[in-house]
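Note that the protein sequences, when read in sequence, are chains A and B.
Residue 211 in UniProt numbering is what sits at position 211 of the first sequence, and the numbering runs on without skipping anything.
Residue 441 in UniProt numbering is what sits at position 441 of the second sequence, and the numbering runs on without skipping anything.
Bear in mind the hints are in silico, worked out from the structure with no lab data behind them.
As the structure is a prediction and not an experimental result, all values here were calculated from the model.
Backbone N, C-alpha and C define an ideal beta-carbon position, used for all residues, glycine too.
Take these hints with a grain of salt, some might be off.
Partial chain A-side listing against chain B, Cβ under 7 Å, derived [to be verified]:
(1) A70
(2) H71
(3) R75
(4) A89
(5) R102
Listed next, with one range per pair, are the computed distances between beta-carbon atoms [as the list claims (entries may be wrong)]:
(6) A:P194 to B:R166: 35 to 43 Å
(7) A:P25 to B:A548: 50 to 58 Å
(8) B:L84 to A:T63: 26 to 34 Å
Think about it this way: if two alpha-carbon atoms lie no more than 20 Å apart in a straight line, the pair counts; the simulated SDA-like pairs of lysine to any residue are [what the hints assert, rightly or not]:
(9) A:K98 to B:V161
(10) B:K479 to B:F491
(11) A:K98 to B:T165
(12) A:K98 to B:T159
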Amino acid sequence: MLALSGLTAGYHGGTALHGLDLDVPAGTVHAVVGHNGAGKSTLVHAVAGLVVPASGTVRVAGTDVTGRAAHRIARAGVGLVPQGRRVFAGLTVAEHLKVSHRPHRSPGAGSSAWTPDRVLGLLPGLAARTAHRGGQLSGGEQQMLALARALLGSPRVLLLDEPTEGLAPLVVQQIRELIATLAAEGIAVLLVSPSPALATDCADAVTVLTSGRVTAHMTGNTARAHPEKLREALSLATP
Amino acid sequence: MGVLDAQLVPAVDGVAYGLLLFVVASGLSLAFGTAGVLNLAHGTLYAIGAYTGAELSDGTWGGLALGLAAGTSAACAAGALLSLATAPLSRRGHLAQALLTFGLALMGGNLLVELFGADELPVRIPEALDASVSLLGHRYPAYRLVFIAMAVLLAGAGTWVLTRTRAGAAVRAAADDPQMLATTGTDPRAVHTGVLAAAGALAGAAGVLGAPIVGPGPGTAESVLMLSLVVVVLGGLRSLWGTLLAAVAVGEVQTLGVSLVPDWAPYLLFAAMAAVLTVRARRSALPEPGGGAGTARAGTAGAGTAGATATAIKAARAFTAAAAPVRRWRRPARTGGRYAGRARGAGGATGRARGAGPFIALCCLLAAVPWVFDAYSITLAGYALSLGLVAVGAGIMTGYAGLPTLGQTAPFAVGAYTTALLAQAGWTVGPVQLAVSCGAAALFSAVTGPAVIRARGTTVLMITLAIGELAGTAIGEMKSVTGGTDGIGGFPPAQPLWGAGALEGESAVYGYVVVVTAAVLAVTLVVLRSPAGKLLTGTRTAEERMRASGHPVGRYLLLAHIGAGTLAGVGGSLMINVQQYVSPADVGFEIAALALLAAVIGGATSVVGAVLGAGLIVFTRDWLSASWPGHGPLLLGALFVIAVYALPRGLAGIRFPTRRDGPRGTPATTPGNGSPDTPPSAAPSAPCSDSSSPSSPGSSSSDPSSDSSSDESPARKAPS
Chain A
1 MLALSGLTAG
11 YHGGTALHGL
21 DLDVPAGTVH
31 AVVGHNGAGK
41 STLVHAVAGL
51 VVPASGTVRV
61 AGTDVTGRAA
71 HRIARAGVGL
81 VPQGRRVFAG
91 LTVAEHLKVS
101 HRPHRSPGAG
111 SSAWTPDRVL
121 GLLPGLAART
131 AHRGGQLSGG
141 EQQMLALARA
151 LLGSPRVLLL
161 DEPTEGLAPL
171 VVQQIRELIA
181 TLAAEGIAVL
191 LVSPSPALAT
201 DCADAVTVLT
211 SGRVTAHMTG
221 NTARAHPEKL
231 REALSLATP
Chain B
1 MGVLDAQLVP
11 AVDGVAYGLL
21 LFVVASGLSL
31 AFGTAGVLNL
41 AHGTLYAIGA
51 YTGAELSDGT
61 WGGLALGLAA
71 GTSAACAAGA
81 LLSLATAPLS
91 RRGHLAQALL
101 TFGLALMGGN
111 LLVELFGADE
121 LPVRIPEALD
131 ASVSLLGHRY
141 PAYRLVFIAM
151 AVLLAGAGTW
161 VLTRTRAGAA
171 VRAAADDPQM
181 LATTGTDPRA
191 VHTGVLAAAG
201 ALAGAAGVLG
211 APIVGPGPGT
221 AESVLMLSLV
231 VVVLGGLRSL
241 WGTLLAAVAV
251 GEVQTLGVSL
261 VPDWAPYLLF
271 AAMAAVLTVR
281 ARRSALPEPG
291 GGAGTARAGT
301 AGAGTAGATA
311 TAIKAARAFT
321 AAAAPVRRWR
331 RPARTGGRYA
341 GRARGAGGAT
351 GRARGAGPFI
361 ALCCLLAAVP
371 WVFDAYSITL
381 AGYALSLGLV
391 AVGAGIMTGY
401 AGLPTLGQTA
411 PFAVGAYTTA
421 LLAQAGWTVG
431 PVQLAVSCGA
441 AALFSAVTGP
451 AVIRARGTTV
461 LMITLAIGEL
471 AGTAIGEMKS
481 VTGGTDGIGG
491 FPPAQPLWGA
501 GALEGESAVY
511 GYVVVVTAAV
521 LAVTLVVLRS
531 PAGKLLTGTR
541 TAEERMRASG
551 HPVGRYLLLA
561 HIGAGTLAGV
571 GGSLMINVQQ
581 YVSPADVGFE
591 IAALALLAAV
601 IGGATSVVGA
611 VLGAGLIVFT
621 RDWLSASWPG
631 HGPLLLGALF
641 VIAVYALPRG
651 LAGIRFPTRR
661 DGPRGTPATT
671 PGNGSPDTPP
681 SAAPSAPCSD
691 SSSPSSPGSS
701 SSDPSSDSSS
711 DESPARKAPS
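Take the sequences, apply the hints, and build the full model.
Following this line, the structure appears as structure tokens:
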């Protein structure tokens, strides 16, 4: 569903990501782990169109979207839950849903479009707070709101940038379950996190990124069966 | 009851006037609050509507409808064009965009005069409305009552769109975080264009409907812009209700105020504006008070959320970003010489010698002028130098202290009128004139400084604008001292020294001006190169850290303000020697904008650049336009536009186009550095990391907004 080949990107003329190849089939969760500065967010931004890749291609459901503007990539079926949530502080939850809902978007085959009602059904915590502004929500609620915002575009590919950062264990558990639910809906999930725990818990494949390059790759089952392998890859990855 | 009764008509007039201003100002507020464009061409959009409406008005309903459709569409299209024009500057901060719109306003005003003539156009309203109705025993024009109803309708519709519809929510989301809006599939640029087009349509509609109240003429654009700015400032950007209240208050001041207290009315507006801004700036612990922060939470008063705070800081930083890139492009001797940590064996001495080069070159250039040019050009050069001193002051405020100012004409006026009055009284010794003028300007700046230095960002522009306008109004009103709008002239020329002969002839005056300017600039350069300049730079780039380090930041800024004012005072005194005449037109808003532009053209932190910028401006406005009469504003506007696009870092930035680019960009993206994982817009708002020095070039990487100069900025999306 999401296919990256030779993806190179960076900021200010420098390069943070060197020729990354990655394939995330529909209905699977692919975790990219790495330390701060490994290029994880650059990866997410390059896919979402917030950074223009220097070279390489980004394909969504077979369509080459490389270099398109962020809103076009979003319309091609890429949803982003950014690091730090970045909800619209001045908009109410209801307005978030209104702004991000794209009723005319057709999701991938085999899944139905996301509507505000369906999203609120999935995230009941938000339903009670529809009249509150984004800035008034707790961190967990903001994370749910960011997820809701991404889902309302009926994405085929969902990018999650450190979705559990700074959240309470209970909320982290909720998010794990949500990720599994969304993958079961047929969404290709690209999860980026510094934490190997989250990756091993819910990923079908795990990639370790070091200084913008892939230094290890394993299936989710391997990572679950041999968590030490992932740890080792990560500690080797210490810059 | 009698008084109330007598004032009923002006009071209702005030409501009509206020609602007119409300419709115009809400467009201005929308454009600034949600699209981030301080649109100084907004008055011109009104004028477009007013001229179109007046031209098509023929006393029939059809004429009014046609005028409304045509005027609104024309202004709407002009607004959309403004959006396209400002889009490439969106990463350059508000100052660049404001200067661009000012240039476009100058050009547009000139074109309007060309199309419709320099006279005020008469407006014919439909006959059915051209009657008067009885209002509590008074006859009152029916049209105004209808206008009140129309304005209320427009306001209601606008509020509804902004607060209840998806488009309105998208507009507010774009103001909050355009990148995140893009990731939901909405093009933030389209929203930006839509907002400016809608703001233009509002101004155009107001122009057509309001033409019978504020008719189309050459001065319309500026007066409407000024009044709308006052309304936006008084009302704040957060709530349409605030804007409405402020608009009606301004309308009442302009009608009821004139009727009740005619002597005080001219001062009321700008005094109220200055007072409100000062109080608001004092109340707020933030760098930028929410009211001027560019967070239009329209219709949601009291949205003091964390996000609003973050946006406020972002807006304030984005604003000074206009000056920030410049800092990196300055000669390395000043910014980097001592602190950059690079191998720089020769240290300060070499830097100082190298830095003096442009100044010496400037002096040589100035000395050559009398041998090359004719008398008129020499006079212009002298005038350019006096304006250059004002520009240097504006540059110190903008580039060093981070307080972009439109009020340097006030100390300039103080200096000019002081010298003029001294000369009139027989005190013709140059140094005495200079000393007294300097003192007066410094005193003035010391008194007004506290109001200026508490604010940050756009609010500074507004406060200084208010101070400048107040000073201008005071000069116009105190006819017995200043000669009012007629100005003062006919005083004896100055003597360069005690006992010396009077300055006769252009070359002698010019020589005097050059010597004084060179001396003043030399002192300025020495002061700016001393630790004082570094302290100011530190204050601008990392104010909280400076405060935390125990620096009395307020005192530094006040001293900078006084210094800038003193420079303007010298400029004013010299201008008198050059022109032998002064009138309020010499110290008006346009001159303030010119001084700011000169500083920006020069490179904001470059003293020599500011003087050259002033020279370029005077050359364009007075010398070039002499060969194409009647098109001075057009040429000047073109200069604004060209300067903003072609000289993003000013004249001072031309010299090192590529050398400084590499070392700055690379460290920020070195793998493992941590910053690539952080999108600039999500970076912490407080400058952190680099602790070597606030004035080192490297510290700019901790300021999210200062990344704006990079063409490869992450938010710059693919060619769309």
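A quick look at each hint next to the structure:
{"no.": "1", "hint": "A70", "result": "4 Å, holds"}
{"no.": "2", "hint": "H71", "result": "4 Å, holds"}
{"no.": "3", "hint": "R75", "result": "5 Å, holds"}
{"no.": "4", "hint": "A89", "result": "2 Å, holds"}
{"no.": "5", "hint": "R102", "result": "5 Å, holds"}
{"no.": "6", "hint": "A:P194 to B:R166: 35 to 43 Å", "result": "36 Å, holds"}
{"no.": "7", "hint": "A:P25 to B:A548: 50 to 58 Å", "result": "52 Å, holds"}
{"no.": "8", "hint": "B:L84 to A:T63: 26 to 34 Å", "result": "29 Å, holds"}
{"no.": "9", "hint": "A:K98 to B:V161", "result": "14 Å, holds"}
{"no.": "10", "hint": "B:K479 to B:F491", "result": "17 Å, holds"}
{"no.": "11", "hint": "A:K98 to B:T165", "result": "9 Å, holds"}
{"no.": "12", "hint": "A:K98 to B:T159", "result": "17 Å, holds"}
The structure shown violates none of the earlier numbered hints.
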